[in-house]
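2 protein chains.
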Amino acid sequence: MTRDQLFTTIKEKASFLCTGLDTDPQKIPHHLLREQDPVFAFNKAIIDATIDYTVAYKPNLAFYEVLGARGWESLQRTLEYIPDGIFTIADAKRGDIGNTSELYARAFFEQLNVDAVTVAPYMGSDSVRPFLTFQDKWVILLALTSNKGSADFQNLELGDGSGKLYEKVIEKTSEWAGPEQMMYVVGATRADMLKQIRQLIPDYFLLVPGVGAQGGSLEEVAMNGMNDKCGLLVNSSRGILYASSGKDFAVAAGKAARTLQEDMKKYLDLYLNSD
Amino acid sequence: MTRDQLFTTIKEKASFLCTGLDTDPQKIPHHLLREQDPVFAFNKAIIDATIDYTVAYKPNLAFYEVLGARGWESLQRTLEYIPDGIFTIADAKRGDIGNTSELYARAFFEQLNVDAVTVAPYMGSDSVRPFLTFQDKWVILLALTSNKGSADFQNLELGDGSGKLYEKVIEKTSEWAGPEQMMYVVGATRADMLKQIRQLIPDYFLLVPGVGAQGGSLEEVAMNGMNDKCGLLVNSSRGILYASSGKDFAVAAGKAARTLQEDMKKYLDLYLNSD
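Chains A and B, in that order, are what the protein sequence lines are. Just so you know, we're using the numbering used here here: the first sequence kicks off at 1 and counts up by one. Just so you know, we're using the numbering used here here: the second sequence kicks off at 1 and counts up by one.
These aren't lab readings, by the way, just hints derived from the structure by calculation. Predicted model, so just to flag it, every value in this text is computed and none were measured. The reader is advised that the hints may include incorrect statements.
To spell it out: a stretch of chain A is covered by chain B in this simulated footprint if at least three of its residues, at any positions, have a beta carbon under 8 Å from a beta carbon of chain B; those stretches are [as the list claims (entries may be wrong)]:
1. 34-43
2. 148-155
If we take Cβ atoms under 8 Å as the criterion, some of the chain B residues that face chain A in the derived model are [what the hints assert, rightly or not]:
3. G68
4. K93
5. G124
Here a beta-carbon is modelled for each residue, glycine too, at the ideal position from N, C-alpha and C.
For reference, chain A alone in the conformation it holds in the complex (with noise of 0.2 Å):
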């Protein structure tokens, strides 16, 4: 998918919202785990259930391995399902020497066939660029995280006095792709650092984890992180998927899909030019 398709998406939908598709089987309402495939039964009624407030859809990878080769299938029948024009995002966190990220990426871009893959920044330069090489795919490289744990070494401060580690990846790996092919993953509760970031890189589509569960503000993020092409994609995936645990999970899951969407709209007109 084009950056032009996602923006027409976006604004056709006045969503920017991604669906975190983090599946835990031990999550998954009693009643479905008499299905042949209960994790895809429980994606196929999210999907049926968020898809007019969705822009894209991110199954982390994690959730799947842990099923084996059985969680792979469910994993494959998932993303089959999800109509042409949703942007699909494999958030797998990869990283490997040239010729191992490039089977990374054909794994993702041709067996699973993603528009987009979540890359880890860490081994450099051939380590990414291998997943640059295909039409219309993305690389959304981890910049800043949501976690704790990101200060360890995300914020350290450099010696040639160039900022911080994530500010350098910024830098650096914008210069390996543009933004019709990279986008950043930024931790929303780091949205105080958001307004620096979209100055660093002001075309970049965003990927904003950690809003919902993790108690991110959409506010903050709208205000600061959104350019002329919108350039956010704001995840939830908690805060949807397990809106209830019972029965009416997937009504449940679609009433907070539409909460936040009409919270972007809101922010959309406010803040997205219109011409």
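With chain A held as given, fit chain B onto it using these hints.
This is chain B only, laid out in the frame that chain A set:
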């Protein structure tokens, strides 16, 4: 597996060879493609041919994920085939927020039942710690990798005069777990840095990739990296797996592994204090 058990195996086999099962479906000898599971058939023949010279096997996940669910099954079969007493490493380079890393840990330590998993440090302590709660299971942390891109971030000088990023990573993460639970990936193409890393963490095992096809020198690695429990696992993948592309691939792989083991025996005799 405990560190003592690993050391015992190293002494018994007079080897610290790790065979990397980076089985590229496109490089499997033609006659194996008739098998129901060509990847497993290849791995089985490689394991049979190399097991006398090998103390550890390290499949890289990318090579299996590129085949989807089928690849995961080949991986599972391969790991089940490796006898007890051999150290197994899932080279996965994972790392995610806490609850997600916990699922990855279960995927590797319970589902696949490997002894160790490689983990990327970028997301910090709460992305690594969930892997450290399993009895006799290991984290092998990326410190200094063997690829060119390692210069992009791992070699950056930090502002507090505490050295380079990879040194900080070693220093900080070694506070999270001792040498009974943690190892480090240290690229052999930087054998000059091995000595200094060995001073930082005298007791930890180092997993050294890049000997062989990538051109590192075993002698330098042994001289600079060995400690009184050997403290080294040196990996070779392509040099063993693809020693021949014909029907004699397994015989050739065995020979390549034996050549490395014979060299390793020499260095064990030379540098290991026998007591």
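* To do: Please verify that hint: G68/B, Cβ, nearest Cβ of chain A, below 8 Å or not.
  => holds (5 Å)
Less than 8 Å between beta-carbons is the criterion; does K93/B satisfy it with respect to chain A? holds (6 Å)
(request) Could you check if G124/B really has its C-beta closer than 8 Å to a C-beta on chain A? (result) holds (2 Å)
Query raised in the report: How about the stretch 34-43 of chain A: do at least three of its residues have a C-beta closer than 8 Å to a C-beta of chain B?
Result: violated (count 0)
#### Entry: Coverage claim, chain B over the stretch 148-155 of chain A, checked by counting residues with Cβ within 8 Å (three needed)
As far as the stretch 148-155 of chain A goes, the hint holds, because 7 residues have Cβ atoms under 8 Å from chain B.
Of the numbered hints given earlier, the model fails hint 1 alone.
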